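Undergrad: Okay, here's what each chain looks like letter by letter:
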Amino acid sequence: MKPFDYQRATTPDGAVALVSDRPGAVYLAGGTNLVDHLRLGIVGPDLLVDVNRLPLDEVGATEDGGLRIGANVRNSDLAAHPAIRRDYPMLAQALLAGASGQIRNAATTAGNLLQRTRCVYFQDVTTPCNKRDPGSGCTAIGGYTRYHAILGASEHCIAVHPSDMAVAMVALDATVAVLGRNGERSIPVEELHRLPGDHPERDTVLEHGDLITAVVLPPPLGAGWRCTYRKVRDRASYAFALVSVAAAIRVEDGRVADSRISLGGVAHKPWRAVKAEDALRGAVVGDESFAAAAGAELAAASPVEGNEFKVPMARRTIVSVLRELAGQSGESR
Amino acid sequence: MTDLPASGIHGHPHRRIDGRAKVLGTATYAFEQDVDAATYLYPLQATIARGRVRRIDTSAAEALDGVVAVLTHLNAPRLADTDDKEYAVCQSDEVAFRGQFIGAVVAETQEVARHAASLVSVEYDEQPHQVVLPDDDKGLDDPDEVNAGYPSDTAQGDVGAALADAERLVDETYSTPMEHNNPMEPHTSVAIWSAGSGDGDASLLLYDSTQGVHSVRRTLAPVLGLKPERIRVVSPYVGGGFGSKGLPHAHNVLVALAAQLTGGRPVKFALTRQQMFTLVGYRTPTIQRIRLAADGDGRLTGICHDVIEQTSRIKEFAEQTATATRMMYAAPNRRTSHRLARLDVPIPSWMRAPGEAPGMAGLEMAMDELAERCSLDPIELRVRNEPDIDPDSGKRWSGRHLVECFRTGAERFGWADRGEPGARRDGDWLVGLGVASSTYPAFTMRGSTAEIAYVDGRYVVRIGASDIGTGTWTTLSQIAAEALGVEVEGVRLELGDTDLPMATVEGGSSGMASWGSTVVAAVDAFRDRHGKDPEEGATARAETPEHADRKKYATHSFGAIFAEAAVHADTGEVRVRRMLGVFDVGRIVNPPTARSQLVGGMIFGLSMALFEHSVMDARTGHVVNHDFAEYHIPVNADIADLDAIWLDHEDTNANSLGAKGIGEIGTVGSPAAVANAVYNASGVRIRDLPITPDKLIAQSGSTKTGSPQSGHM
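Each protein sequence line maps, in turn, to chains W and D. Those letters in the first sequence? Residues 1 to 333, by the working numbering. Those letters in the second sequence? Residues 1001 to 1713, by the working numbering.
Quick caveat, the hints were computed from the structure, so don't treat them as lab data. Just so you know, these numbers come straight off a predicted model, no measurement behind them. Only true hints are included.
Keeping only pairs whose Cα atoms sit at most 35 Å apart, straight-line, the calculated DSBU-like set for lysine-lysine is:
id	chain 1	residue 1	chain 2	residue 2
1	D	K1315	D	K1138
2	D	K1695	D	K1315
3	D	K1551	D	K1315
4	W	K275	D	K1695
5	W	K2	D	K1085
6	D	K1022	W	K2
Only chain W is shown next, with the shape it has when bound in the complex (with noise of 0.2 Å):
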């Protein structure tokens, strides 16, 4: 690999300096993609500035009864928090669904909101990839695309995000707190990630420099809402997801009263299926309307040659989701 040299941060700000002032610098948190990649050759910074060490790492409550997850809190740690197992099961079974025991250990919670397509021809450096080297081409295209996207995707690529995590706090309208050199800012994770459009080299909207030192949740989701995430994959553990839904819904008298659906393996980004939950709002309960609401989300639906089996999937995927959650699984159906 490419030569480098590493520092290790003591403050935010001192990080965000580090990097800020250097073009070739990066931050390295848990290293499980970065280091892969710098193996790989896919990037080749010449400063790692080492973030670990910044007093990021804690779980706290916040003033409107939310909670502040540090940007370092291990995914492990995460997941088994009492307060994200207690208040926000959905979060804590979309971490559980990601990567493997080892890797959940090491990745922190700025680094899987970060982490980088898993694309086979973004992670080849000998085939042409537009988000590796902008303007060479998107090799997936024609290609191997089973992983990639079927919703806002562009000519220029289709890779997905491959977070579990970030599309449950998409669900739950988490927002990021971020460093930048002018100061601190919040971002909603659904604005974090972008669509590629013609810049698919950028992941996210944030600048060099900036810095993620927390996401916040919103108060829990409370008293008759139900939730769950589903993630759909070849093998029982440690593969990225065919299809993932994160899903809440509220059922008032036979009807849906209220819902939060974001869908994973299918986008850019994590995908917040608006368009299904404005179709839900006071439908009744029923594989009938579950059905009508993925179809309107999953209606702008582009698939290329190889992934269309992921229209259906995603589709059955999110009444199997929604029917589980009105109580409606097994022999009752």
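Chain D: place on chain W using the hints.
TA: Below, chain D without anything else, positioned relative to chain W:
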């Protein structure tokens, strides 16, 4: 080992002799050999599928601090024999497949070597390539023979008439994908070259991860122009091979070339996982048209198995996919064939149960379909077609207890609970049972020699065999101890070194039968010469004994594999809940390690059924999903209740030890057992492995939401 079956234990359980060293990390695998002044190699690989290297600029790499040497076809030492193109490494500018070695960087550290390799710029003259197996056999080659020396085609009777007259007929095409062996320890070689006086007395010491040190030496000697005795290969511990380490591959030649440029410094090379998808063999994809003709009672009248598969344009490997079909079931009219596409692809080779694994996947799925068309239980169909003698050779079986395997397994597994396809539901999951036959040839290879020596009050057993993780360290010690009439602790085994007597390769599930018979013969020779009370330093040797009766018999192992699969009615996900293998494999030497082999083989087969698929990009010519995140093999969560048991039938017709191979038979029937269970669960028949959720959803297709009414998907 409380979970071992109470019946059917021949040998006494003995814990692995090498287990402690492996658990403590003190077992020295090839890369960990402590050599002085090591250097590290990182290869240069072609990024086109076919053509020539027009220009290669290594100046930036050579200028880098820590680079010891850069090897290309322009400066590589000449090889003595380049007939085998796999081993003709860096001898010309030709590129025959993407990923082929076109050079290497040797440096003081692995990191510098890899960085330097990235600085080498290469220009090519590219030629059109063909890397995808065509699905019709027009223009394909008819190989002279297929792997293991079988004829390519066979025919008996009039298959055409049998098919035309069939009361019940299956005529379907089954396909299996390209798959890669992927042992946990990558292929690794450490080469130390001594130039000698320059008068043909150069020598090579190779620490290698291999299934046969003597095979490596014998193969490399003519390539490198060295006498075999000038090459020493050492390989005490191997972290799996599954066939991919059965023969040397190009990396062995590459390190041997590089080691001639370092002034005698050792060169270490461990392939990356990605490189293992290009350079160390793989299982060819297969397209199998299978036709089964039967009468109304399910008695086979005709069997026809036609296979299309691939090899590399530069070296032929023809997988023996249809050979098991020749001996499996009785039918008067039979035909098998293999056709070979020569493509611009890496060179295929042995992968655990080459031939039998994909071929029996096809045949046993077809048998399941025939059972349904005959309205017969799948086990009953097999019982009705059980042959009294080997239909292919006409010989008697050395031992065939397949029906007993089925009966025993059916009882234990609860086969009687199997229902109609799609009939059983557990919440959102459709649940079904499947079964398949398994078989594997029982080879005993001649050509090994064992030596017994009495040293310091212990018997030293010397044989240049291998332990690739199967348990040979333990089982061969047990066999020697039993023959000598001493405790296992009274024996010290030495293996994995060409300084030890010749031994055949650990392949074809032949190791225990071949080496074990040889060790027993050496013990007999030792006792004959030195009696029960030998003097210090007494030695004796013997070669693999001829087993006079063996040629009279058809020698095979058999098994029945049962599987319970659950298919999610909405998402199409498949999970295997239970599997049981019942095996007829002759004498079992060490139950714990034997069970590991059988269970491991079944997991390998489950993996073939549901997960493994090397995705070849037709445009680029490389396997794109070349790492463990994307190329799926089972994880712990995929393996639930899985067991293997065996019958109590020693087979002394097969060899004097009575033991038949156990390394591969677990793999053979398992893909079809799982596929048949998936069909019984879902009512959807997928004939193209692996069976993944997308295929199940695409074929179910009848409803928009996963029909809850029918019980099917």
